[in-house]
Structure formats: structure tokens, C-alpha cells
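Novice: Letter by letter, the chains look like this.
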Amino acid sequence: MILNASGCLDALTAPDVARALDAFVTKTVTPLPREGNPPVRIAETEVGMLNSIGLANPGIDRFLDDVLPRLLAVGPAVWVSVGGFAAEEYAGLCARLDRTEAAVLELNLSCPNVAAPEDEATAIVRVARAVTDKPLYAKLAPGLPDLPSVAEAAAAAGADGLSLVNTIRGLALDPETLRPRLGTTSGGLSGPALRPVALAAVHAAYRATGLPIVGMGGVETGAHALDLIAAGASAVALGTVLFADPGAPARVREELRAEATRRGFQRPAAARGVAHAGVASTADADSTEAGRVGLKV
Amino acid sequence: MSLSPRRVAVVAIESVGPYALVRLQRGGLEPGIPGQFFMLRPRGLLLPRPMSLCLAPPGELAFLVDPIGRGSRALAGLEAGEGVDILGPLGNGFGLDVERPLLVGGGIGVAPFPYLSERLGGPPAILGFRTAEHAEAATLVPNAEVVLEPAYVTEAFVPGHDVLACGPEPMLETVRGLAPDAQLAWEAPMACGYGACYGCAVEIDGRLARLCVEGPVLGGHAQVPGTGTRLQGAVA
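The listed protein sequences derive, respectively, from chains A and B. Numbering-wise, the first sequence is residues -1 to 295 according to this note's numbering. Numbering-wise, the second sequence is residues 12 to 247 according to this note's numbering.
Bear in mind the hints are in silico, worked out from the structure with no lab data behind them. Take the hints with a grain of salt, since some may be wrong.
[Said to hold, decoys possible] To be clear about the criterion: a stretch of chain B counts as covered by chain A if any three or more of its residues have a C-beta under 8 Å from a C-beta of chain A, and this derived list gives those stretches:
no., segment
1, 52 to 62
2, 145 to 156
3, 208 to 217
[Said to hold, decoys possible] Calculated Cβ distances over 10 Å to all of chain B for the following chain A residues:
no., residue
4, Gly5
5, Pro29
6, Leu30
7, Arg39
8, Leu70
9, Pro178
10, Gly189
11, Glu253
12, Ala256
On a predicted model such as this, the values are computed, not experimentally measured, just so you know. Using N, Cα and C, we set each Cβ at its ideal position, and we do this for glycine too.
Use the sequences and the hints to build the structure in full.
Specialist: Set out below in C-alpha cells:
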């Protein structure tokens, strides 16, 4: 039910934080090692945080040999986020991960800090589907002109679920020099500013597909998590809040339970989709992919 | 150490030249090893700011802050009794098993030296500052020789010591040239302080490493290119 957003936690340096989650999502793994972008890579603004980490990761070879076995030993189910610059790269990564104990493969189709293969989203899901039976989640960008259509296309291509949303591009200037504060000029905006963006994306994608959705974007409290569930999320991921509060998973879980109870829901999952007043729910949390991979709301 | 921040109260904010000494209730936290840091978040900030411990008087933890940006100004502008979220101690501090210690610092980089000096029994220190006003911070460090710009601390350098240094990147690079075995405390912007955000990831000896996990204090032989400039400035 409560996950981390990819790139916002390392289960190896903070195993106790990871164990407070229902599943741990890895930082995006790419075919080759990436050192990431030049510093400065993070900046706080009045409404959120900008990052330009740039998918820093050890590459799939070292990930499989060294990182994944240790992640699996931490305890929670491991979702592996994968990224590349072409459909064949995603297929290669998924084929190798198919032979591991990864619970879910999340296709990062939306990192704003590397070239975005948005046009290829459907093709990537299709080739990934062809090489693995593992549950596939497509992580989409919030700025897509027609998110419901892309979500529908991803579902038709074989996606089992959606992860919504990634960060959205932003820029911050140094107040004195009026020069960009990030080494890469612009970066991905996360935090509170992303909350209404994420809600709209989850709401639209739920209505369009009925797929399980991991909702994320600016969640700081149980009330924020309940909003995403009401919009259609079957699970909620924590991102930027983890940086300031590593204790957020247990806190948000407790707050979510209390917020749901206060509104008369027996459990948080019962609130799924209630924001769609008058629209029949197209999915039930327990019978969908979220249930199949062990996520109990 | 528990990875859950605690809320502690501000005891007092004291001016030290242009810097602010932020004195917090200890709240049962360990002071850790000099050179380790804490993440501090006053109300109204999304992200905490990394600050190395400056002093550890009984019942308190104190941090020297240069109010140059949004976060550092928020910390310096706190009032007695206000709450601050604090997480730490984090990272790796200075190795204290040294025979002839010499502290070399520049600007706000002297922040960890009062506590370090106390733990090492008051060794000699060479501290460099931009102005005489900034140099008031040297009053917190016993046995300190002060160097003001345009002179640099590295010009007053005395060979034959175990050097422990903290300051701007060009200073650390020069110190490393003079004393290859020096322990150097590096700075980099970080959002979390515990290895989650990768904001402080740098290349150390040819591999990607997070300064918050493997540093901030590293041996002089570690090659650390491009950590950025000033930690407080970058995320402030």
C-alpha cells in the first residue's frame, strides 16, 4: 500500500525505513552505469524541490550481481525501476530481470533529466511485455498532452499498472546572480507543488483504464494519500517527504488509516475512486494486479 | 541511531560576527564524532539543511550557521523556544587517533572545529577569513592563528602535522597538495543526509559515492572532483 517513489530511498543505507514500506522501489537501473548529472543537483524552492540527479546508477550488470541480492535480503518486495534510451534497451533490461526475484518491473518512461522517450511509451511496454511475465507498471510523465490516451495505449500494450506521476520540469534561479541554481539548468520538480498535478493524472488515468495505480506526488500526510486513493490510486508512494522525514512511512500509514476511518471507510482501499462521483468504479483493489503482487490496502 | 527526526527547542541564537550560533536542546541525541553532521529543519522549510556540530555543551547541541540563503537564514532567524526537527549524527567524522594534529579551516568551514578542538585537547589551528568580522568565529577555537584575505591559510601552513581541514573546495585542494595524508571535510548539497537523495553523489576514487554516506570527512588521497561549492549556499 505504501511504497517509496523511485530514486527517493536506498534500502541498503536505510533498511529500517525500507522495512516500514509494503514494497521498495529501486532507483532506476539503466543498461550501462551512469554517474548522473554535474552538481549542483538539488535546490529547494518555495513550492517544492528541484533535482537533476540524472539516473545515477551502477548499471544492470553490477545491479544484478551486487545490488539486487542485498536489496532482496532487506525484506520487503522489490520493485525494480528500469530506464533506457530505446525500446530495445528496456526489453534487454526486463529480460534479464525476468529471471530474478523482483516483484514488479516499473518502466520509467518519464525521467525529466534524461532524454524522454514519451513517444515510444507504447512500444516500450509492448517489447517489455514480450520478454517478461512479471507485473509491469508504466511510469508516466504528468505533462503528457493526452495522459488518458497514453495510459490506455500502455494498458493495451500489456501494462499491468501505472505509476503516476514522475516529476515535472522546473527551473530555479539564484536570487543574487539570476543564474540557474542547478548544474543542468532545469530539473524535476517534486514536493507540494506536484500534489494537484498528481491527483489530476491519477483521476484521469483511473477513469480511462481502471488499472492499478501507484499514486505519488507531494504526499506528506495521510490526508494527501487518501486524496490519491479517492482519485483512483490503489497504492501510494512517498518521495520528497522521505528526505525530511525518514519516519514518514509509518506516520503516513497511521494517518491514512485514521483519515479513512474518520470518513466512515472500513479501510483506506474502500475509498478508492470515490472522487469519481456517479462514475462506476472500474476496478477493485483486491482483485487487481495490486492484490496479485501482495499489496493489501 | 534512529532514522527518525526529533523536534527540539531552540535554547538561544548568538551572533558570532556575521555568523549565528544556533543552540538547541540536545533532546537525548548523541553529539557524535567531530565532523559528523545533523540535518536541521525549521518550520516552513521543505528540506532540512546539513550542519556539522560546532559545540556540544551539556544538554545542548550548537551549530554555527552562515545566513546566506533561505534555509540558513531561517535557522539563524529562529527564536528561543521555537521547535526544530533534527536528525543525526550522520556521516563519518574526523579520525581522532592523530599524534600532532593541526586544524586548518576557512570561513564557515571552521564550524566543526570548536568541538573537534575540544576532543583533541586544544591543538593549534590556522583559520582563514574574508574579513575581521568573520574572524570573530575564531574566538570559538582555542590556539587559533587567524589569517585574513588576501592571505590564505595555506601560506601559514606548518609541515610535520596531522592535518584536519574543512573549508572551501580550493582550500582543500591546496591543503591536499601540501599534506597528502590530511583528513578533509568536504561539502556538497544534500536533501536527506542519509543516502536517499543522491544530491551529494560525487566521484570518489573513480566510483560514484554519496558524500553523506562515505564522507563528509575523507582521507586526502580520495579524489573528489566537483563537489560543488558551498553546501549552505547551494541548498540554502
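Novice: Grab the minimum beta-carbon distance between Arg39(A) and chain B and tell me whether it stays above 10 Å.
Specialist: Since the minimum Cβ distance to chain B is about 5 Å, Arg39(A) lies within 10 Å and the statement is violated.
Novice: For Gly189(A), is the shortest CB-to-CB distance to chain B above 10 Å, so the non-interface label stands?
Specialist: The assertion about Gly189(A) is violated, with a minimum of 5 Å to chain B.
Novice: Examine each Cβ of chain B, and state whether all of them lie more than 10 Å from the Cβ of Glu253(A).
Specialist: At about 15 Å from chain B, Glu253(A) clears the 10 Å cut-off, so the statement holds.
Novice: Would the least Cβ to Cβ distance between Pro178(A) and chain B come out above 10 Å?
Specialist: 12 Å, holds
Novice: Far enough from chain B: is every CB of that chain over 10 Å from the CB of Pro29(A)?
Specialist: 16 Å, holds
Novice: Over 10 Å from every CB of chain B: does Ala256(A) meet that, or does the non-interface label fail?
Specialist: Answer for Ala256(A): holds, closest chain B Cβ roughly 19 Å.
Novice: Beyond 10 Å from every Cβ of chain B: is that where the Cβ of Leu70(A) lies?
Specialist: Holds, because the least Cβ-Cβ distance between Leu70(A) and chain B comes to about 18 Å, which exceeds 10 Å.
Novice: Grab the minimum beta-carbon distance between Leu30(A) and chain B and tell me whether it stays above 10 Å.
Specialist: 13 Å, holds
Novice: Far enough from chain B: is every CB of that chain over 10 Å from the CB of Gly5(A)?
Specialist: 7 Å, violated
Novice: Test coverage of the segment 52 to 62 of chain B by chain A using CB-CB distances below 8 Å; three residues minimum.
Specialist: holds (count 5)
Novice: Verify this for me: three or more residues of the segment 208 to 217 of chain B with a beta carbon less than 8 Å from a beta carbon of chain A.
Specialist: holds (count 6)
Novice: Would you say the segment 145 to 156 of chain B counts as covered by chain A, given the rule of at least 3 residues with C-beta under 8 Å?
Specialist: violated (count 0)
Violated hints, in rising order: 2, 4, 7, 10; the structure is consistent with all others.
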